[in-house]
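Chemist: Here's the letter readout for the chains.
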Amino acid sequence: MTAHLTDAQLVARCRAGDEGAWAELVERFSRYVYAIATQAFRLSEHDAEDVFQEVFTRTYTHLDRLRDDAAIRPWLAQLTRNLCLDRIRESSRLQPTDDEFEVGAVDQTLEQLDDALSVQEALTQLGNPCAELLDRFFARDESYKTIGDQLELPAGTIASRLSRCLTKLRGQLEGRNSDGPASGVR
Amino acid sequence: MWPEERIAALLNRLRPTPIGWVEAAAALPRLRTVLDDLVARAETDAALRASVVADLEQALAESGVEPTPRAVAELRSRLET
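Read top to bottom, the protein sequences are chains H and P.
Mapping of the first sequence onto numbering that gives the first Met the number 0: position 150 corresponds to residue 149, and the numbering continues sequentially without gaps.
Mapping of the second sequence onto numbering that gives the first Met the number 0: position 1 corresponds to residue 0, and the numbering continues sequentially without gaps.
Next comes chain H alone, as it looks inside the complex (with noise of 0.2 Å):
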């Protein structure tokens, strides 16, 4: 089980060997390099997945690189926001716009998305099942409907526990922010 471990305990075991340590790690920080990806440097669906690919390639790869275990996160946005990078001067090069690449907009969409892995690990933290509704209803889209359905609830009820877990979700995360830095801490 290596849901609740920190980051650092999860590269560490990922250093050693542990297949299921590297797969819980790719699924911690799928979504987060996916976003940097596609919504920082608007790269297109098939540029975004062999970024995706190579990013977690090289970081496989080169782990034994990283310094600070607890700094994997930081390490994994870098190494992505490099290879997007490498891959917009490439279709550039293939196929010149006019397009200005806006720095300071892709900071503030990076800084946006680093909180919103903050936001993420809290949820997990969180348990389920407030992490499985929240995570049903904001992030991906699902209906009332949907989320009854499958989760066996009163789709007349789901209103009242989102608004009720979203409550608990800020709780856990204004007491992290006061029990400390939230970065590395699951």
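These are computed hints drawn from the structure, not numbers from a lab.
Where is the CB? At the ideal position from N, CA and C, for every residue including glycine.
One thing to keep in mind: the hints can contain errors.
[Said to hold, decoys possible] Simulated restraints, written as ranges between beta carbons of each label pair:
{"#": "1", "chain 1": "P", "residue 1": "Glu42", "chain 2": "H", "residue 2": "Glu173", "range": "55 to 63 Å"}
{"#": "2", "chain 1": "H", "residue 1": "Arg41", "chain 2": "P", "residue 2": "Pro15", "range": "13 to 21 Å"}
{"#": "3", "chain 1": "H", "residue 1": "Thr60", "chain 2": "P", "residue 2": "Glu42", "range": "16 to 24 Å"}
{"#": "4", "chain 1": "H", "residue 1": "Ser142", "chain 2": "P", "residue 2": "Leu47", "range": "51 to 59 Å"}
{"#": "5", "chain 1": "H", "residue 1": "Gly155", "chain 2": "P", "residue 2": "Ser76", "range": "16 to 24 Å"}
{"#": "6", "chain 1": "H", "residue 1": "Arg41", "chain 2": "P", "residue 2": "Ala8", "range": "14 to 22 Å"}
Got chain H; can you put chain P on it based on the hints?
Modeler: Then chain P, alone, in the frame of chain H:
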């Protein structure tokens, strides 16, 4: 610091990755093991090497790995170096 509207908006930013991406990345350790084994055997067995080079996809499939374009490219690169 964490108004619920902001939390909801941030949850919406990290959407699920398309189907298959996570599985492919999670399978990297197994792919690496298979490639290491295949390349090591091909280095000492000329007939095997010729067979692998002739049909990379088949060689991967016979080793229990899905011959995705990425896996095929990786095998080709490993055999060339």
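Chemist: Please go over all the hints and tell whether each is borne out by the structure.
Modeler: Cross-check of the supplied hints:
1. P:Glu42 - H:Glu173: 55 to 63 Å: 58 Å, holds
2. H:Arg41 - P:Pro15: 13 to 21 Å: Given about 19 Å between the Cβ atoms, the range holds.
3. H:Thr60 - P:Glu42: 16 to 24 Å: For H:Thr60 and P:Glu42 the Cβ distance comes to about 20 Å; the hint holds.
4. H:Ser142 - P:Leu47: 51 to 59 Å: 55 Å, holds
5. H:Gly155 - P:Ser76: 16 to 24 Å: 57 Å, violated
6. H:Arg41 - P:Ala8: 14 to 22 Å: For P:Ala8 against H:Arg41, whose Cβ atoms are near 19 Å apart, the range 14 to 22 Å holds.
When each numbered hint is compared with the structure, a violation occurs for hint 5 only.
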